[in-house]
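Novice: Fit chains P, B, R and S with the ligands to the given chain V structure using the hints.
Chains as they are written, first to last, in my numbering: chain V, 9 to 226; chain P, 9 to 226; chain B, 12 to 227; chain R, 12 to 227; chain S, 105 to 347.
A portion of the hints provided could be inaccurate.
As the list claims (entries may be wrong) - Among chain R residues calculated to face chain B with C-beta under 8 Å, some are:
#	residue
1	Gly31
2	Thr35
3	His37
4	Thr53
5	Ser71
6	Glu155
7	Ile188
As the list claims (entries may be wrong) - Covered stretches of chain V (chain P as the covering partner; in silico rule of three or more C-beta atoms under 8 Å from a C-beta of chain P):
#	segment
8	177–187
9	195–206
Stated by the list, open to error - Ranges of calculated distance between the beta carbons of each label pair, as one might list FRET restraints:
#	chain 1	residue 1	chain 2	residue 2	range
10	R	Glu194	P	Leu112	52 to 60 Å
11	P	Leu112	S	Leu337	33 to 41 Å
12	B	Arg125	P	Val176	37 to 45 Å
13	P	Leu112	B	Asn18	55 to 63 Å
14	B	Ser71	P	Ile10	33 to 41 Å
15	S	Trp224	R	Gly147	19 to 27 Å
16	S	Met220	V	Thr18	55 to 63 Å
It should be emphasised that the hints constitute simulated quantities derived from the structure, not laboratory data.
Quick reminder that beta carbons are idealized off the backbone N, C-alpha and C, glycines included.
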Amino acid sequence: MIALLLRDLTLAFRAGGGFGLGLAFFLLVAVLVPLGVGPESGILAIIAPGILWVGALLASLLSLDRIFALDHEDGSLDLLATAPLPLEGVVAIKALAHWLVTGLALTLVAPLLAVLLNLPAAGYPWLLLSLAVGTPALSVIGAFGATLTIGLRRGGLLLSLLVLPLYVPTLVFGAEVARRGAAGMALATPLALLAAITAGSLALLPFAAAAAIRVNLR
Amino acid sequence: MIALLLRDLTLAFRAGGGFGLGLAFFLLVAVLVPLGVGPESGILAIIAPGILWVGALLASLLSLDRIFALDHEDGSLDLLATAPLPLEGVVAIKALAHWLVTGLALTLVAPLLAVLLNLPAAGYPWLLLSLAVGTPALSVIGAFGATLTIGLRRGGLLLSLLVLPLYVPTLVFGAEVARRGAAGMALATPLALLAAITAGSLALLPFAAAAAIRVNLR
Amino acid sequence: MELRVGNLAVSRGGLVVLEGVGFTLHPGRALVLRGANGIGKTTLLRTIAGLQPAVCGEISAAPECLAYASHADGLKAALSARANLSFWASVFGTGRDAAGAALERMELTGLQDRLAAQLSAGQKRRLGLARLLVTGRPVWLLDEPTVSLDQAAVALFAGVVRAHLAAGGSALIATHIDLGLDEAETLDLGAFRPRQLRPVAGGFGEAFDDATGALP
Amino acid sequence: MELRVGNLAVSRGGLVVLEGVGFTLHPGRALVLRGANGIGKTTLLRTIAGLQPAVCGEISAAPECLAYASHADGLKAALSARANLSFWASVFGTGRDAAGAALERMELTGLQDRLAAQLSAGQKRRLGLARLLVTGRPVWLLDEPTVSLDQAAVALFAGVVRAHLAAGGSALIATHIDLGLDEAETLDLGAFRPRQLRPVAGGFGEAFDDATGALP
Amino acid sequence: MSIWEFANPRNFMRISGRMLPWFAALAVLTLATGLIWGFFFTPDDYKQGATVKILFIHVPAAMMAINAWIMMLVTSLIWVIRRHHVSALAARAAAPAGLTFTLIALVTGALWGQPMWNTWWEWDPRLTSFLILCLFYLGYIALWSAIEDPEAAADLTGILCIVGSVFAVLSRYAVKFWNQGLHQDSTILKVGEEDPLDVAYYVPLVISIVGFVFFFIVIVLLRTRMLIRARRLIALEARERVG
Ligand code: HEM
Ligand SMILES: Nc1ncnc2c1ncn2[C@@H]1O[C@H](COP(=O)(O)OP(=O)(O)OP(=O)(O)O)[C@@H](O)[C@H]1O
Ligand SMILES: Nc1ncnc2c1ncn2[C@@H]1O[C@H](COP(=O)(O)OP(=O)(O)OP(=O)(O)O)[C@@H](O)[C@H]1O
Ligand SMILES: [Mg+2]
Ligand SMILES: [Mg+2]
Numbered sequence: 009m010i011a012l013l014l015r016d017l018t019l020a021f022r023a024g025g026g027f028g029l030g031l032a033f034f035l036l037v038a039v040l041v042p043l044g045v046g047p048e049s050g051i052l053a054i055i056a057p058g059i060l061w062v063g064a065l066l067a068s069l070l071s072l073d074r075i076f077a078l079d080h081e082d083g084s085l086d087l088l089a090t091a092p093l094p095l096e097g098v099v100a101i102k103a104l105a106h107w108l109v110t111g112l113a114l115t116l117v118a119p120l121l122a123v124l125l126n127l128p129a130a131g132y133p134w135l136l137l138s139l140a141v142g143t144p145a146l147s148v149i150g151a152f153g154a155t156l157t158i159g160l161r162r163g164g165l166l167l168s169l170l171v172l173p174l175y176v177p178t179l180v181f182g183a184e185v186a187r188r189g190a191a192g193m194a195l196a197t198p199l200a201l202l203a204a205i206t207a208g209s210l211a212l213l214p215f216a217a218a219a220a221i222r223v224n225l226r
Numbered sequence: 009m010i011a012l013l014l015r016d017l018t019l020a021f022r023a024g025g026g027f028g029l030g031l032a033f034f035l036l037v038a039v040l041v042p043l044g045v046g047p048e049s050g051i052l053a054i055i056a057p058g059i060l061w062v063g064a065l066l067a068s069l070l071s072l073d074r075i076f077a078l079d080h081e082d083g084s085l086d087l088l089a090t091a092p093l094p095l096e097g098v099v100a101i102k103a104l105a106h107w108l109v110t111g112l113a114l115t116l117v118a119p120l121l122a123v124l125l126n127l128p129a130a131g132y133p134w135l136l137l138s139l140a141v142g143t144p145a146l147s148v149i150g151a152f153g154a155t156l157t158i159g160l161r162r163g164g165l166l167l168s169l170l171v172l173p174l175y176v177p178t179l180v181f182g183a184e185v186a187r188r189g190a191a192g193m194a195l196a197t198p199l200a201l202l203a204a205i206t207a208g209s210l211a212l213l214p215f216a217a218a219a220a221i222r223v224n225l226r
Numbered sequence: 012m013e014l015r016v017g018n019l020a021v022s023r024g025g026l027v028v029l030e031g032v033g034f035t036l037h038p039g040r041a042l043v044l045r046g047a048n049g050i051g052k053t054t055l056l057r058t059i060a061g062l063q064p065a066v067c068g069e070i071s072a073a074p075e076c077l078a079y080a081s082h083a084d085g086l087k088a089a090l091s092a093r094a095n096l097s098f099w100a101s102v103f104g105t106g107r108d109a110a111g112a113a114l115e116r117m118e119l120t121g122l123q124d125r126l127a128a129q130l131s132a133g134q135k136r137r138l139g140l141a142r143l144l145v146t147g148r149p150v151w152l153l154d155e156p157t158v159s160l161d162q163a164a165v166a167l168f169a170g171v172v173r174a175h176l177a178a179g180g181s182a183l184i185a186t187h188i189d190l191g192l193d194e195a196e197t198l199d200l201g202a203f204r205p206r207q208l209r210p211v212a213g214g215f216g217e218a219f220d221d222a223t224g225a226l227p
Numbered sequence: 012m013e014l015r016v017g018n019l020a021v022s023r024g025g026l027v028v029l030e031g032v033g034f035t036l037h038p039g040r041a042l043v044l045r046g047a048n049g050i051g052k053t054t055l056l057r058t059i060a061g062l063q064p065a066v067c068g069e070i071s072a073a074p075e076c077l078a079y080a081s082h083a084d085g086l087k088a089a090l091s092a093r094a095n096l097s098f099w100a101s102v103f104g105t106g107r108d109a110a111g112a113a114l115e116r117m118e119l120t121g122l123q124d125r126l127a128a129q130l131s132a133g134q135k136r137r138l139g140l141a142r143l144l145v146t147g148r149p150v151w152l153l154d155e156p157t158v159s160l161d162q163a164a165v166a167l168f169a170g171v172v173r174a175h176l177a178a179g180g181s182a183l184i185a186t187h188i189d190l191g192l193d194e195a196e197t198l199d200l201g202a203f204r205p206r207q208l209r210p211v212a213g214g215f216g217e218a219f220d221d222a223t224g225a226l227p
Numbered sequence: 105m106s107i108w109e110f111a112n113p114r115n116f117m118r119i120s121g122r123m124l125p126w127f128a129a130l131a132v133l134t135l136a137t138g139l140i141w142g143f144f145f146t147p148d149d150y151k152q153g154a155t156v157k158i159l160f161i162h163v164p165a166a167m168m169a170i171n172a173w174i175m176m177l178v179t180s181l182i183w184v185i186r187r188h189h190v191s192a193l194a195a196r197a198a199a200p201a202g203l204t205f206t207l208i209a210l211v212t213g214a215l216w217g218q219p220m221w222n223t224w225w226e227w228d229p230r231l232t233s234f235l236i237l238c239l240f241y242l243g244y245i246a247l248w249s250a251i252e253d254p255e256a257a258a259d260l261t262g263i264l265c266i267v268g269s270v271f272a273v274l275s276r277y278a279v280k281f282w283n284q285g286l287h288q289d290s291t292i293l294k295v296g297e298e299d300p301l302d303v304a305y306y307v308p309l310v311i312s313i314v315g316f317v318f319f320f321i322v323i324v325l326l327r328t329r330m331l332i333r334a335r336r337l338i339a340l341e342a343r344e345r346v347g
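This is chain V alone, in the form it adopts within the complex (with noise of 0.2 Å):
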């Protein structure tokens, strides 16, 4: 287990192995945005945790389809199946290692981009806060939407359009604790949910992905 971790990061790190890109993607939506929106800093402070929200979401989807695609277009993924591992296990490492190197990393730089997109200093918490407890659903549920559509070569844009509706409930109440954060009002409520969701998806997705994975290899 630990050595697959081990080797999911390490290939992360790797040239074109995907880390820096997701951070990169995060930070041209934060840049593309103004330039598209127009510069009035009144309007960006108010759609700041949107479009900050929205911006982890997409970086955090495009580097699903890696988190499979490749170990079964070389034929790792047969071998892992053939190994002594759970592939439920084998599902919940790779959502972590895919956490790790897209949601940790959002998370951390996402202050930065705030400044970018003149979010009120009062909201900055609430942004880190929002983002650490919903980005690991993000990573649970594109892992198990990735295992969908496995069998599929560059299924990349299905896969969006799969996981995306899954994506709502996140980002609804991801953002709208960021949202009211910034405006400094009560957020116990949506807070609760997103922890809520979170852990749901935890416990429950990695079941379901590895049926999807025993579908897909036969």
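Specialist: Just chains P, B, R and S with the ligands, lined up with the frame of chain V:
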């Protein structure tokens, strides 16, 4: 040449081929942004042209890696390079196929999504015009970027990183045309600049792209 | 560990491609599967390895005893030859030394720090086969193991298989070429081809084969 | 069309892997390249095909006369066998009939409407080789063409090559196994291995090999 | 006769073939009655004028959009648990119908919104959750058509449908939390309470809802029969090719 165009279009329309998914992504951006930003239609109307342009850009960006990487993986690109077609022509045809299945399709559905984002009625024709003039540039620039990352497996995110800076002028002028159109302001200058960018990239980039392919094959 | 296969039927694309396959593979023995392209060798091996369900019949060995090597090598292009092997060694719990020993055995020690992407077709294949040594499992299922190997490498690999047999392991090998394993028995799969191809019972093909009755 | 190669040196990964390669391939003849794994057969064929530049030396044939078949088959999994071939036939301008004839020649007519994804390893390979027939080019460069083929298919392919030679074509074939082409000459690449590996002249490797002088 | 008789494709074809004309007749009858009554024999609303008549399409379509998903969930569960092939195909058959109902509800809602709320689109929770439902349908259909092997496609779409249902409920709740909205609550089940739907509208509305139900059944039966025939064609072709 026509055989190549037909083949690429056939493949795009086959299951998992990518047509419709670019569209789906565009739709998803238009849905996610309000979910993240919150439902006030006044704010949405102001940011609508910018968000739609950012969405169109991301949608065409995400399908770029299919342009060459698939052909490289299965060996077709080697064979195409030794076939009696000029590589510049191959690039141009592939960019054309990409534009037909993404840029053109995006332009045609943009008015629908503009409804979702409460774009003012005056903005519709200009949004359409800006997309029609600007998206060919996105496809050609993207095809050029795709040739740079041919050799890298799943170079998708690196590709985004390389191409996005190149997309900035198109985005800025395109969104400006759409925004001024929605606000009823004069827009001849940005429109002329947008057209100039498109014409210039169409004329020059296929040569750069063909050179990049030759480097990647050796 | 004995591998007994009895009356096995396997399917691909919803059709039964082989049926009534039966053999016993004793420890210390090798069995070579032969048959024309498309007869179902890959399908049979995947079924025995537990990657796809059998249509019917039984397979005695537990998946925990089987090591499967497919057409694809499962190498990560961005990792060095050694890192690739070490990963599988820790997955199978055979420890770090196993990887070094396997590299040595397949004569890859000189290339161990090279990235897998920078190996030639035959070198990659040798590295893929070295993985078998670090699984520590007794029954090897090999799908055309010698593709891309030159004669010296084929002989080297035959030696590795022979040593594995001598240590009490066994091997089931699908191949088109002669490996020089004289002691191996051969099983021609042509005999198990169904007389008439038919859809898998209980699958989509069979369920709808006769769905509408005679068309009016 | 005669292929003359003189004093050719080829490189891979910035190192010269073969040098001083020279041979002449006359119309109607076949030349088999032999050599251990990793000696540089693939590299040599790619260089001759014009896919990568030679380090030095000359190659007489224009790329327009060469048809290259690599390790990968260039098949689109989502297209039928026939559509795959027809595409190449129209790219090479040899017309629709060529595809049908090639399918027939490689005994794939029965599989022509099957998607390429649904072919077995050997069937895919046969389809990849059928592409050579629709190029209409005289000089074939073949990189391990018989990988995954069974004996019948190898014989079939040898027949195709023989017919190609009889029609005035020629073939340069890298392979580890015996094709049964008795009339073919053999060239062992072992002889062209540089005594000492050295970086390519004018490349990054050489430029910085001695960049700092003796370290102080 | 047990319901599982339907699980056998042959029986399904036989029984459904016999029932289809009756359902079709019922569908035509109820739809025609409900819609004609609704459009021509109800008074204009004092506030909404004639636009209120969109109600007779909008509400049934919206209800059926949800019901179609529920039916897909049930048939998917039957496939996953009991592995009846017809049930997998029925789920597949229902998806495009459900998508169409969703789109009808969205479009009629938009047409209605223009005079009522003075906007085509509003990020109201009900509207938003329909948009998300639309995406679920699209993803489900796309996944079915992307996977070649029917067995794997049925399994994977079944898993997607089950997991998706949980998330669909969650997002319904989430968007409600996010925006209180303009759309009125359900009143159809509250007859007799204060401020009910006017009886003049109530009866034709119920009839057209029943009409939509029959219409849905007819479409699903037709499409399932078509998919069964298509599978049979593939099975016969496969036999021919190899035999
Ligand atoms: C695109 C947008 C819309 C969607 C997706 C939508 C969705 C729905 C749904 C799901 C129902 C079913 C209610 C139930 O099950 O009881 C419904 C009912 C209804 N809708 Fe809409 N709606 C939309 C726009 C509108 C608009 C603009 C109006 C007009 C003001 C409207 C008025 C109604 C009414 C009066 C009902 C019946 C409620 C009842 O009495 O049960 N809707 N709508
Ligand atoms: N995805 C698929 N869908 C439908 N049929 C398939 C699929 N893959 C393979 N087949 C068919 O199933 C049969 C068995 O294939 P299999 O790959 O097991 O053959 P094989 O004996 O390994 O052949 P080879 O020696 O060429 O590797 C072949 O006739 C092949 O055409
Ligand atoms: N991308 C690369 N970077 C650096 N070195 C490489 C790369 N690819 C191959 N090599 C090395 O170049 C040499 C020649 O490789 P080549 O693929 O031409 O060999 P080959 O004769 O075709 O071998 P095989 O019979 O195994 O296919 C080998 O020693 C190989 O290790
Ligand atoms: Mg095989
Ligand atoms: Mg080679």
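Novice: The structure should be examined with respect to each hint, and the outcome stated for every one.
Specialist: Tested hints:
Of the supplied interface hints, the one on glycine 31(R) is violated, with its beta-carbon coming no nearer than about 20 Å to a beta-carbon of chain B, more than 8 Å. Because the closest C-beta pair between threonine 35(R) and chain B is about 25 Å apart, greater than 8 Å, the hint is violated. Checking histidine 37(R) against chain B by beta carbon gives a least distance of about 27 Å; that is not within 8 Å, so the hint is violated. Of the supplied interface hints, the one on threonine 53(R) holds, with its beta-carbon coming within about 7 Å of a beta-carbon of chain B, less than 8 Å.
Annotation: interface hint on serine 71(R) violated; nearest CB of chain B at approximately 27 Å, more than 8 Å. The beta carbon of glutamate 155(R) comes within 6 Å of a beta carbon in chain B, closer than 8 Å, and the hint placing it at the interface holds. Nearest Cβ of chain B to the Cβ of isoleucine 188(R): about 6 Å, under the 8 Å cut. The hint holds. Three residues within the 8 Å Cβ limit are the bar, and the segment 177–187 of chain V against chain P gives 4, so the coverage statement holds.
Under a criterion of three residues with beta carbons nearer than 8 Å to beta carbons of chain P, the stated coverage of the segment 195–206 of chain V fails, only 0 such residues being counted. Distance hint check: the CB atoms of glutamate 194(R) and leucine 112(P) are about 56 Å apart, consistent with the given range 52 to 60 Å. Judged by the Cβ atoms, the range 33 to 41 Å given for leucine 112(P) and leucine 337(S) holds: they are separated by roughly 34 Å. Between arginine 125(B) and valine 176(P) the C-beta distance comes to about 40 Å, which sits within the given range of 37 to 45 Å.
At roughly 57 Å, the beta carbons of leucine 112(P) and asparagine 18(B) sit within the given window of 55 to 63 Å. The hinted range of 33 to 41 Å is not satisfied by serine 71(B) and isoleucine 10(P), whose Cβ atoms lie roughly 58 Å apart. At roughly 59 Å, the beta-carbon separation of tryptophan 224(S) and glycine 147(R) lies outside the given 19 to 27 Å, and the hint is violated. Between methionine 220(S) and threonine 18(V) the beta carbons are some 59 Å apart, a value that agrees with the proposed interval 55 to 63 Å.
In this structure, the earlier hints numbered 1, 2, 3, 5, 9, 14, 15 are contradicted, and the remaining ones agree with it.
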